[in-house]
Structures are given as C-alpha cells and as structure tokens.
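Here the protein sequences line up with chains P and H, keeping their order. Note that the first sequence covers residues 1 to 132 in the working numbering. Note that the second sequence covers residues 133 to 478 in the working numbering.
These aren't lab readings, by the way, just hints derived from the structure by calculation. For every residue, glycine included, the Cβ atom is placed at its ideal position computed from N, Cα and C. There may be inaccurate statements among the hints.
Heads up, incomplete: computed chain H residues facing chain P, CB under 8 Å, no partners named [said to hold, decoys possible]:
hint, residue
1, 178
2, 179
3, 180
4, 182
5, 184
6, 185
7, 189
8, 228
9, 229
10, 452
11, 458
12, 462
13, 464
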Amino acid sequence: MTVARFWRRLKNLYNLIGTHCEKCGEYHYPPRNLCPKCRRSSRTVPFKFKGLGEVVTYTIIHSSTKDFEKQTPYILAIIKLNEGPHLTSQVICDHKDIHIGMKVRSAFRKLGEESDKGMLYYGTKFVPLVRG
Amino acid sequence: MKSGIVSYGAYIPRYRIKIEEIAKVWGDNPNSIIDGLMVYEKSVPDMDEDTITIAVEAARNAVNRANVNPEKIGAVFTGSESHPYAVKPTSTIVAEAIGATPNLTAADFEFACKAGTAAMQACVGMTESDMIELGLAIGADVSQGAPGDALEYTAAAGGVAYIIGKENILAKIESTYSFTTDTPDFWRREGKPYPEHGGRFTGEPGYFKHVTSAARGLMERMGTKPSDYKYAIFHQPNGKFPTRVAKMLGFSGEQIKPGLVVSRLGNTYSGSCMMGLAATLDIAKPGDRIFMTAFGSGAGSDAFSFSVTDRIDETRNGAPSVEELLANPIYVDYATYAKHKGKIKL
Numbered sequence: 001m002t003v004a005r006f007w008r009r010l011k012n013l014y015n016l017i018g019t020h021c022e023k024c025g026e027y028h029y030p031p032r033n034l035c036p037k038c039r040r041s042s043r044t045v046p047f048k049f050k051g052l053g054e055v056v057t058y059t060i061i062h063s064s065t066k067d068f069e070k071q072t073p074y075i076l077a078i079i080k081l082n083e084g085p086h087l088t089s090q091v092i093c094d095h096k097d098i099h100i101g102m103k104v105r106s107a108f109r110k111l112g113e114e115s116d117k118g119m120l121y122y123g124t125k126f127v128p129l130v131r132g
Numbered sequence: 133m134k135s136g137i138v139s140y141g142a143y144i145p146r147y148r149i150k151i152e153e154i155a156k157v158w159g160d161n162p163n164s165i166i167d168g169l170m171v172y173e174k175s176v177p178d179m180d181e182d183t184i185t186i187a188v189e190a191a192r193n194a195v196n197r198a199n200v201n202p203e204k205i206g207a208v209f210t211g212s213e214s215h216p217y218a219v220k221p222t223s224t225i226v227a228e229a230i231g232a233t234p235n236l237t238a239a240d241f242e243f244a245c246k247a248g249t250a251a252m253q254a255c256v257g258m259t260e261s262d263m264i265e266l267g268l269a270i271g272a273d274v275s276q277g278a279p280g281d282a283l284e285y286t287a288a289a290g291g292v293a294y295i296i297g298k299e300n301i302l303a304k305i306e307s308t309y310s311f312t313t314d315t316p317d318f319w320r321r322e323g324k325p326y327p328e329h330g331g332r333f334t335g336e337p338g339y340f341k342h343v344t345s346a347a348r349g350l351m352e353r354m355g356t357k358p359s360d361y362k363y364a365i366f367h368q369p370n371g372k373f374p375t376r377v378a379k380m381l382g383f384s385g386e387q388i389k390p391g392l393v394v395s396r397l398g399n400t401y402s403g404s405c406m407m408g409l410a411a412t413l414d415i416a417k418p419g420d421r422i423f424m425t426a427f428g429s430g431a432g433s434d435a436f437s438f439s440v441t442d443r444i445d446e447t448r449n450g451a452p453s454v455e456e457l458l459a460n461p462i463y464v465d466y467a468t469y470a471k472h473k474g475k476i477k478l
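Chain H extracted, bound-state conformation (with noise of 0.2 Å):
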C-alpha cells in the first residue's frame, strides 16, 4: 500500500468537567466512578459548539500543518453520531469552509464511534485507486449520554482530521484490516436525543470480542506481533477497556500511554481512537510503527498498521497539538454543563 498520513488535525473544546461534579448532581461516589472508568474529568462544547464547528476546527488544523492545498482533496467524509442534521450533509459545510468545494465528492459516515476510521479507509481505497488525490477523513463528536446514565461521565465533544495521499506522507499506513458482526451492544433510534446501551454486554461480545479479532486479524495477515510497535492506540470510551485489550493483546502500558488520552477528554465517540493516534504522531520519530485498532459499537473494528516517516518532523509544529488543546482548561459547573449541551428544554 502506498498511501499514508499527509497531515492531521484535532481540536478539543476548552471547557471540561470534573466527575466529581456530575457524581455530586446524582448521589454517586465519584472515588468508585474514576477508579473504574479511569476518567477524571471531560471536554464540554461551548454553547455555539457542535459536530460541524468541531469538524471544520480540525479540518482546517489539519490543512494548516502540512500547508495542503484544499483544492487537491477530493473526497471529505465525516464520521459522527451527532451530525446536527438529519438529512444535510455535515461534510458539505466542511468541504465548504476549508475551500475543498465544488470539486469534490463527500459523505457522512455513521458507525458508532468507529465512523471516523471507516471514513480513513475509504479514503485510502480512493487514493490508492487513483480516484483521488488526496482525501479528507474526519471523527467528530459532541457524544450524548442521558442525565444520570453512566454514559453521561463520559460522552465528550472533540474531532481530529486526517488528510489521506500518497505523496509527502507522514506516517505510512502499512495495511488495515476490520471485523464486523451485528452485535446490538449500544444505539440511538431515530429522533430520540439520548442513546440506549446493553450495559455490562458491550465489555465482552462488543468491545472486546471486535478489538481482539482485529487486532489479531492484522498483526496474523502481516505476520507482526506487539514488540514490532513503538506505540499502540485502542477505542477508549474509558481508561480501563484499553488498558486490558491492550493486555491481552499482548501490548504494554508504555506502549499505550502516549495515546491514552481518555483520562484527561472523555470519550470523544468517532474521535476516540483517532485523538489518539494524533496524541501518539504529535511525539512519534521517523522510523516508528504505531498499531491503532478502533471499536463502534454495532459492532466492528478497524485495526491500521502506521510506518512514521522523516515528514513527521517537517510538519510538527503546524498546528496544535493534542496537548496544547488539552491545556487550560475552563472547568464549568453542572448546571452551566446542562445548559451547553442543550439538556435543559425551555
């Protein structure tokens, strides 16, 4: 395969809030909620903040670091599962503020939070058959979870950027491979502003079961095992699934850490797993291969090999990085929480 990385981007809300200011609204021990999900605290859109001001954010990071010619993309694919529209594509509104338009193709992608790497693959099918030039994959979220569901200590807002060629790449994107099953572990009906979830059933048939078959399916058809990675990334909807997959698969803690970014953000849903792969490129040397394996609940994996590049230093500071947008946060009150994600109806 030759095509890779040519630039990326990410772009984190400034406010956050702690768990222990959620844990106090619903009577819970916030000591139980962090050392379980190993979250302290998370990213909260702005009142004027959503999906599409996220994704463009990102998107216009991502044009920035490596000076990429917006003209030269010819597909954007943004992946969510909180597009504001229903029907109005959020990738339109992309295309159009980073002046990729009119002559592109573009598409919302929705698969939980793995709509983003979906939408890299799709990317990379289209470079690599020389449709296009370059391709524009994005994962956004500002994700819901319900007053008082377990979700809500995490469901957080951010989106990272990768624009997919095959020249000037900064981190080759050696093979990808999924694992896809109907597997009802977590969804959103139509209309209904909050998702539903099958509890303790998302850990072992979802998250675990998609994350390891990938995960293994990659490293089987390219004939690697953990010790041929510098640095690993897995769907964080918390700090704790990670860290166990990453056992199991036979990857160490020190592997993991520079993209384990959950602690400090939240679940950014289709930004996740993404947020992390940019955390781990913003520090990662020529030479370095990463291993990167996303989960959406539904339920499938996308598991990507990455070979970095001697690019990655030309283009380092382009843009922020992951963390400079985690830096300074503004902490925000429940109520002023409630108010900016829109839960209290007037």
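One chain only, chain P, in its complex shape (with noise of 0.2 Å):
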C-alpha cells in the first residue's frame, strides 16, 4: 500500500466509517457514492458504525502472501456488523475458540508495514466480545 493510498482511506480504516442511505435506510462499508439499490436518488451521508458484529464465516490462513507469513497462522473471517453490512477482517483469538455466530467487536491493531524503515499501517481489526 502507497503513503497516499493508506491516508485517503485512513480515517474509513480507524473507525468504520461508511455510509448510510437516507432514502432506503441501507447502510455501506467500505463507504460509497451511490447507494447501489437507490441508484441516481440515493442519499448517502457518512455514518460511523459502532464496531459490534458477528462471524457469519471464517479460514484460518497456513499459506499467506509474504506481507502476513510472520502472522501465519490467523483467522480471517467474513464479520456481519449489527447495522448490516458484512466486511473481511482478521478476528484475533484463540483458535479453538472461533466459531460461526461469535460476537466480536472492532479493535485497533496495526495492520503491517511498507518494510523497517517504511511507514506503519493501523486500522481495524475484530476481538471476542467479553463486554455486552
């Protein structure tokens, strides 16, 4: 990832910030410009989403690319957030205790890096939900 790639979406990679369409009620993650059901009528506005979800599916990666083979092996799972929309993100626990319907919430981690001199990435990750 690019310095300029990584801060246009920085502030969507921090907090899940998205959109929610006025006119449907539908809301977006990654954020867009269009609703895609609404069409040349949407009305997105940008909508913070509170970072509480559940696993709808996950794998656990042995054989990564050669930016996460330091982390191998991790969970990665597709997360459905309360409000809706699903998203693929790393769920950081035990292994044995991943599970289809797990309760997670959003944690800030660090994502990986350019290489040992080059910038750092942080941004969202998801945890077990230990508080209601």
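Each chain sits in its own coordinate frame; assemble them with the hints.
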C-alpha cells in the first residue's frame, strides 16, 4: 500500500466509517458515493459503525502472502456488522474459540508495514466481545 | 485548582508470560526472582500490538467511560519510551482514531516511566489557563528488556489514558508537585533496541530519592500527611520498591494494596503508576483522597493529590476495569514471547 493510498483510506480504517442511504435506509462499508439500490436518487451520508457484529464464516490461513507470513496461522473471517454490512477482517483470538455466530467487537491493531524503514499501517481488526 | 479527571481508560494485552518460564531459559532461580521482585507474571503484546494500538484502545475506553465528546479534546499528549516512530507522533494517530482531529494540539512525551504523568501535568496547565476545555494524557508502553537482562522479568505492555478538564470531574486534582535532577540511572541511546541501566544505582539515588522528595514536597506544600489519604500509588517497576517507599513515607500496606497491580502485570513503564491509579479509581468511593507519585529514570518524580467526587459512581461501568483487563490471560512460552516482542530477527 502506498503512503497516499493509506492516507486516503485512513479515516475508514481507523474507525468503521461507511455510508448510510437516507432514502432506503441501507448501510454500506466501505463507503459508497451512490447507494447501489437507489442509484441516482440515493442520499448517502457518512456513518460511523459501532464496531459490533458477529462471525458469518471464517477460515484459518496457513499459507499467506509475504506481508502476513509472520502472522500465520491467522483467522480471516467475514463479519456481519450489527447495522447490516459484511466485511472481511482478521479475528484475533485463540483458534479453538472461533466459531460461526461468535460475537465480536472492533479493535485498533497494526495492519502491516511498508518495510522496516517504511511507514506503519494501522486499522481495524476484530476481537471476541467480552462486555455486552 | 479546579481541574480534575473527567474520565479514564486502561488497556492491557491478553497475553502473559510467567517468571518461571523466563527463568528457565536463562538458568535463574525463579523463586528468588519472584521473592526479590514480587512479580509473578507480566503482560506481553500481541504480534500486531504496539504503543500506538495500546494508546488508542486506552483512549477509546476513556472516551467511552464518561461518554466524552472527543471533538472537545483540545490536546493529546502521549508519554512513552517505546513510540513506534522516532519521528512521527503517536499522538496524531491517537487523536485521529478517537475522532478528536483537527482542532487540537498534539505531541509525544518521553521521560522514562513518568512521561504519562508529565502529560497529565501539561493538560492540567492548559485546562487551568482555559487554553483548552479537555486534554487527553496517555501513558503507554511495550517496554523493552534485553534477553537475559534483569529488566526482562518485568518489562511489560499496557497503557492508561486520562481526560483532564474542569467540569464533570470524577476526581479533583488538589495539587501536583515535581522533583527533578540529572541522574543517569537508566537510558537508551538513539537507535538501540534495549535500554541500559545502572543496576543497584537505580535504587537509592534514583527511585527512592526522587519519589520520597516529590511525595514529601507535595505533602509539605499542602499540609497533608499519609493518614489523610485512603489510598496511595507509587511507581511500580517491581513490587518491592513501592512497598518499601510507602513504608518510608508512612503509608500502610492497605493504602497501596488496590493500586499495586505490578505482581500480575509487570512494569508498564509510562503506564505503570497511572495503571495503579486506574485500579484504585475502579474501587474508590466519593470523598476518598488518593495520593500518587510517579517516577521516571533520568530522573524525576511527579506527585499528585486527588479527591474523588460523586461522579465516580456514574462512570464506574462505562469501560473495562483494570481487574477485568487482567482477567482470563493467555499464557505463552518464551519462544512465543520472543516472537511477539520481535526479539527473533529473521
């Protein structure tokens, strides 16, 4: 990821800021300029998700791309946010605890780094929800 | 002084390593180390956790506890001796992640283990002078201890954030006083991965001289005595130093007990004393007075006197307590710990 590309997405990575269509009520993450349902008549506004959701499905990655090979094996899951949108994210927990339907919350974690002298990338991952 | 703590939040990584596991690798006697340090285990950061992620999680807990509007925060200061960047502030990332940008000032502080309390004092100055409405002071570290060094038994990870302001305070800051000298008891040179220290020299001319001088200085200025306080917290690089310094100053074991979290956590450096204060606030009642003295090598001490208000009960359950954060740890072996801490160079 280049510095400029990370910087453009930074607000949406640090916090789950997507969009809400005031016409049809749908929520989107990542943010959309147009609601795919309402098209030209959509009224999208920025929306900050609470960061609570549940695991829809998951896999455990043993063979990763170079950027993530120090983290293997790690859990990659599809998370359904309470407001509706689905997103793909790492879930940080003991591998014996992960299950479909697991309640999770967003957490601020390091996503990676450009190189040992390059910039650090931070953003959202998910951890088990301990407090309700 | 009208300023006080509006909210606070802590964060501790889930992983722990036991003293026995470290001692096994280096051929040390674990019992003599546990007896000497009064530390049984220490926290270990995850592979993707560092001072920035810990500071953000602590700050978010502080914002959530008292439902603070982050746009009212006019200053973010993060104290640490393990900022991930040598040049590029931790505090700007924290400010962005909690939604406090862009109308604020931000800077990173460094003063060994007391950078976080120095940040608290800076926030107090700015709120007292009405430069800002709210200030966020953080102490966070993923502290370093060289493999095989005595520091490795205690160098832990964790962070605490305090929001300072004048309104809706849960604890009033009655006064603060500092004692600072040029004492080379502990240091880390630019570009070096691990700190060096003066061994036993860190004790008397470092920790004990500065903590007792700051604590006595504050009590003399305020005309208070140890028995005026329900609780006390002293910087906890291990369990022995704060226990001994409390006795030297006339505080009892009962007064320091709630804040003495080092035995199960290790030394979180810039977060150390502030973590003890958070654990104490977790159980404090309105009207309780709390005494705190932080210490940072190099060397200096910041002493504070707090008075808990009725607001404490309203904010009690807004964020995880230190006890909740210490619960259900995941224990790792030395090899996993070394991998998490980046001690294995590939």
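Checked hints:
1. 178: Check passed: Cβ of residue 178(H) comes within 6 Å of chain P, closer than 8 Å.
2. 179: 6 Å, holds
3. 180: 4 Å, holds
4. 182: 6 Å, holds
5. 184: 6 Å, holds
6. 185: 5 Å, holds
7. 189: 6 Å, holds
8. 228: With a minimum Cβ separation of about 6 Å from chain P (threshold 8 Å), the hint on residue 228(H) holds.
9. 229: 4 Å, holds
10. 452: 7 Å, holds
11. 458: 12 Å, violated
12. 462: 7 Å, holds
13. 464: With a closest approach of 11 Å, the residue 464(H) hint is violated.
Hint compliance for this structure: hints 11, 13 are broken, all remaining hints hold.
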